[in-house]
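Below, each chain spelled out in residue letters.
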Amino acid sequence: MGKSHIHKPKRNFILWLMALLILASGVEIVPQARAEYGDVVINNQSDKAGMRPPIFPHWFHRIRFRCKVCHADLGFKFQAGGNQINMLKIIDGEFCGACHNGEIAWSVENCDVCHSGKPGTPTQVHGSTVQKLIGKPAPAAGQK
Amino acid sequence: MKLMKRLMAGTVAGVLLATLYVSATRAADAPAPAPAAGVNTFNRLMKPKSERNPPPMQDGIHDPSNEGTGLLQPPKEAFKELPEISSGNYVDWVQALGKQLIKPRYDRKNPNEEPVVLDLDIVREVKGTMPDVVYPHDRHTMWLDCSNCHPDIFIPEKGKNQISMAMILMGQKCGVCHGKVAFPVAECRKCHSKKKDGSGGGKPAAQAEPAKKPAK
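Going line by line, the protein sequences match chains A and B. With this note's numbering as the guide, the letters of the first sequence map in order to residues 4 to 147. With this note's numbering as the guide, the letters of the second sequence map in order to residues 680 to 895.
Since the hints were derived computationally from the structure, they do not count as laboratory data. Please note that a few of the clues may not be correct.
When the alpha-carbon atoms are kept at most 27 Å apart in a straight line, the in silico DSS-like pairs for lysine-lysine are as follows [said to hold, decoys possible]: (1) A:135 / B:726; (2) A:80 / A:121; (3) A:80 / B:837; (4) B:788 / A:80; (5) A:135 / A:80; (6) B:782 / A:121; (7) B:782 / B:869; (8) A:121 / B:726; (9) A:80 / B:806; (10) A:135 / B:755; (11) A:135 / B:875; (12) B:788 / B:778; (13) A:135 / B:806; (14) A:80 / B:869; (15) B:806 / B:778; (16) B:726 / A:92; (17) B:869 / A:135; (18) A:92 / A:51; (19) B:875 / B:839; (20) A:121 / B:755.
If the Cβ cut is set under 10 Å, some of the chain A residues that face chain B in the computed set are [as the list claims (entries may be wrong)]: (21) 77; (22) 81; (23) 111.
We put the beta carbon where it would ideally sit given N, CA and C, even for glycine.
Sequences are here, hints too, so could you generate the full structure?
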């Protein structure tokens with residue numbers, strides 16, 4: 004008799020707490036990313052290495068260089084995450100390092116200017132039509 | 680014993696309430712959910728102008744707790760002087776370049792190198808009632824090199840490429856750029872620019888074989 008008297012409100016209390024918890028986590032998953040169109044997040048290795056993923060602001064570079072400079076001369080493929088970029092290649096003057104070398108643009112010591120993404124942000128072209136339609140990265144460029 | 684249990688329960692409740700509070704304040708930072716009330720609400724699903732081109736600190740993918748994030752230029756600051764369109768970055772990049780409001784280099788090191796522009800329009804007759812597509816090589820070669828598109832994305836021969844809006848939406852063909860960095864498909868008229876009866880609209884179109892003709 005006494006037992007059930009104590010347990011019932013407690014069970015209710017726990018149920019309430021669980022409901023609250025579910026509500027709280029539900030609020031968390033509301034999508035809120037609305038970054039600039041064309042921003043590229045590259046998270047091939049960063050999460051695993053404990054770095055914030057880099058975000059490439061397309062618009063900023065587009066004001067200063069034509070597409071051809073990076074996508075023909077420097078060999079960047081038209082695919083987010085499709086270029087095997089790493090810091091070794093960058094310090095050896097490949098990819099970003101072709102300009103970010105202290106001569107054309109600031110050098111690699113400014114880690115957190117590129118590595119500025121929220122940890123866990125997946126590789127993506129932000130705001131792309133494909134992302135809006137299916138929420139997945141675009142298929143490889145050059146596919147027929 | 681009873682007191683201990685109560686204390687524990689109280690602590691758990693406190694932690695949960697704190698979580699709820701944090702979530703609620705974060706939700707307040709998120710784009711406002713569609714207002715529930717009012718049958719006369721306008722544009723329930725459209726992003727208001729004030730929310731376009733948000734600064735990195737508030738854009739949802741940059742980490743505001745990262746020091747470098749604060750150094751980044753907010754896009755709005757750069758776009759202030761540039762001509763507008765109604766989608767993408769909300770910037771008409773081709774016009775901005777044409778009016779020399781931006782001066783992007785064609786060579787990484789040499790600021791004076793001029794692009795090799797090919798002035799050749801390709802007309803694609805399309806199904807249905809939509810105006811035909813005029814593809815202007817000139818506006819593309821201002822930015823790109825031939826090798827960016829040919830031969831991997833487009834076989835450089837008239838009639839050899841099958842293109843559909845579905846492919847473009849899925850990021851293939853034109854969609855390799857349009858819908859990712861270049862203006863998205865919402866700008867229908869920019870491509871579908873030639874009336875079917877041939878009277879006006881778009882530029883006069885050359886249907887000839889593509890021949891390279893560098894022009895400055």
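Hint check:
| no. | hint | in the structure |
| --- | --- | --- |
| 1 | A:135 / B:726 | holds (14 Å) |
| 2 | A:80 / A:121 | holds (24 Å) |
| 3 | A:80 / B:837 | holds (25 Å) |
| 4 | B:788 / A:80 | holds (21 Å) |
| 5 | A:135 / A:80 | holds (22 Å) |
| 6 | B:782 / A:121 | violated (32 Å) |
| 7 | B:782 / B:869 | holds (23 Å) |
| 8 | A:121 / B:726 | holds (23 Å) |
| 9 | A:80 / B:806 | violated (32 Å) |
| 10 | A:135 / B:755 | holds (22 Å) |
| 11 | A:135 / B:875 | violated (31 Å) |
| 12 | B:788 / B:778 | holds (23 Å) |
| 13 | A:135 / B:806 | holds (26 Å) |
| 14 | A:80 / B:869 | holds (25 Å) |
| 15 | B:806 / B:778 | violated (35 Å) |
| 16 | B:726 / A:92 | violated (39 Å) |
| 17 | B:869 / A:135 | holds (21 Å) |
| 18 | A:92 / A:51 | holds (18 Å) |
| 19 | B:875 / B:839 | holds (21 Å) |
| 20 | A:121 / B:755 | holds (21 Å) |
| 21 | 77 | holds (8 Å) |
| 22 | 81 | holds (5 Å) |
| 23 | 111 | violated (13 Å) |
Going through the hint list in order, the structure does not satisfy hints 6, 9, 11, 15, 16, 23.
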